[in-house]
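Next come the chains, spelled out residue by residue.
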Amino acid sequence: MKKLLLATTLTAVALLSSAANAADYNIDVKGAHAFINFKIKHLGYSWLTGRFNDFDGKFSYDAKKANDSKVNVTIQTASIDSNHAERDKHLKGDDFLDVAKYPTATFNSTGYKATDANSGVLTGTFNLHGVTKTISFPVTKVGEGNDPWGGYRAGFSGTTSLKLADYGITYDLGPQSTHVELELYLEGIRQ
Amino acid sequence: MLKDTTTGFGWISIVIHWLMAFSIFGLFGLGLYMVELTYYDAWYKGSLDLHKDIGMLLLLALIIRIGWRFANTTPAELPGPKWEQLAGKVMHFGLYAVMLILMLSGFLISTADGRAIAVFEWVNVPALPWSIDNQEDIAGEIHEVLAWLLIAMTAIHALAAVKHQLINKDNGLKRMWIKK
Chain Y
1 MKKLLLATTL TAVALLSSAA NAADYNIDVK GAHAFINFKI KHLGYSWLTG RFNDFDGKFS
61 YDAKKANDSK VNVTIQTASI DSNHAERDKH LKGDDFLDVA KYPTATFNST GYKATDANSG
121 VLTGTFNLHG VTKTISFPVT KVGEGNDPWG GYRAGFSGTT SLKLADYGIT YDLGPQSTHV
181 ELELYLEGIR Q
Chain E
1 MLKDTTTGFG WISIVIHWLM AFSIFGLFGL GLYMVELTYY DAWYKGSLDL HKDIGMLLLL
61 ALIIRIGWRF ANTTPAELPG PKWEQLAGKV MHFGLYAVML ILMLSGFLIS TADGRAIAVF
121 EWVNVPALPW SIDNQEDIAG EIHEVLAWLL IAMTAIHALA AVKHQLINKD NGLKRMWIKK
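Top line first, the protein sequences correspond to chains Y and E. Heads up: the first sequence is residues 1 to 191, going by my numbering. Heads up: the second sequence is residues 1 to 180, going by my numbering.
Take the hints with a grain of salt, since some may be wrong.
Computed, partial: chain Y to chain E, Cβ under 7 Å [stated by the list, open to error]:
no.	residue
1	Asp24
2	Glu86
3	His90
4	Leu173
Since the hints were derived computationally from the structure, they do not count as laboratory data. Just so it is clear, CB atoms sit at the ideal spot from N, CA and C, and this is done for glycine as well.
Take these sequences, add in the hints, and give me the full structure.
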């Protein structure tokens, strides 16, 4: 009986501690310490940059069990902002994002492979413009630690390149502008 | 005769009426055409600029026209049943209202990010000091719907004028045309 009680207690402690170890972070969109930027070549002569202003998500990360990391992000496509209303209107229309039909883009990770202490390759399903594809791209941990206000934060960055036609966006922007670079800078607050 | 009188329209009203009528039809066609142009069409940028230039001049013309209407006597109603006269009044008020909102909505699309509209690279029409979320989309929807509505209303307006001219024979069309 004592043995059983001990075993139960140990199991409970183990469960509790593992729950505490699985560090869940909410992306700090409220404080705007997270950015989803994009850039695309303009005619092949320069870069045009913009961002999505409205998105949300969370991630799990534990430096000791980096390969268990998870991340989920949902982007409100209508929040695209390239600092030009006429262009944004065009980008939100059916030539590009068609936000009335596809109001969100989502990324849900399916795996993470650490390559060293602070970087790895993230794999997951990305849904954009109604098309879901599996993508992999390198991510880097920028840092983690206590913040000055009693919380604990961790931040990551990652960059990937998407071929617009793969997602059914076929408007001709020229031969130099078939791909868009996505840059993610996500800071999370540990829960 | 420059001013309107109880018996007919003066030159100023007639000139503004037709100038606006032709400009509006032109802008409607240009608007439908320009949104179909693609990135590598030579007139992709120029067509939109011209649409905005003429649109802002139209807004100015409309303001002058409304002011001129208040500053003048309005010509007497054409003879006809009460409901027809009322319908005419409603239509004329509607045309002014739809034109005004249509032109303002166009202005609100292009100025949603605070940019001014440089009319013929000559006069800057500044943006309003405030804007709303997704202003360019909301104003864009309104602009498109009202453009079609205005053309439909104009068609009824024109048919009514022709009907007055040919059936009632009361010079309903001619009184807005060249005086002998």
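So, going through the hints one by one against the coordinates:
Because the closest C-beta pair between aspartate 24/Y and chain E is about 31 Å apart, greater than 7 Å, the hint is violated. The closest approach between the C-beta of glutamate 86/Y and any C-beta of chain E is roughly 6 Å, which is under the 7 Å cut-off, so the hint is satisfied. For histidine 90/Y, the suggested interface contact is broken, since its CB lies about 9 Å from the closest CB of chain E, more than 7 Å. Satisfaction of the interface hint for leucine 173/Y is found here, the shortest Cβ-Cβ separation to chain E being roughly 6 Å, below the 7 Å cut-off.
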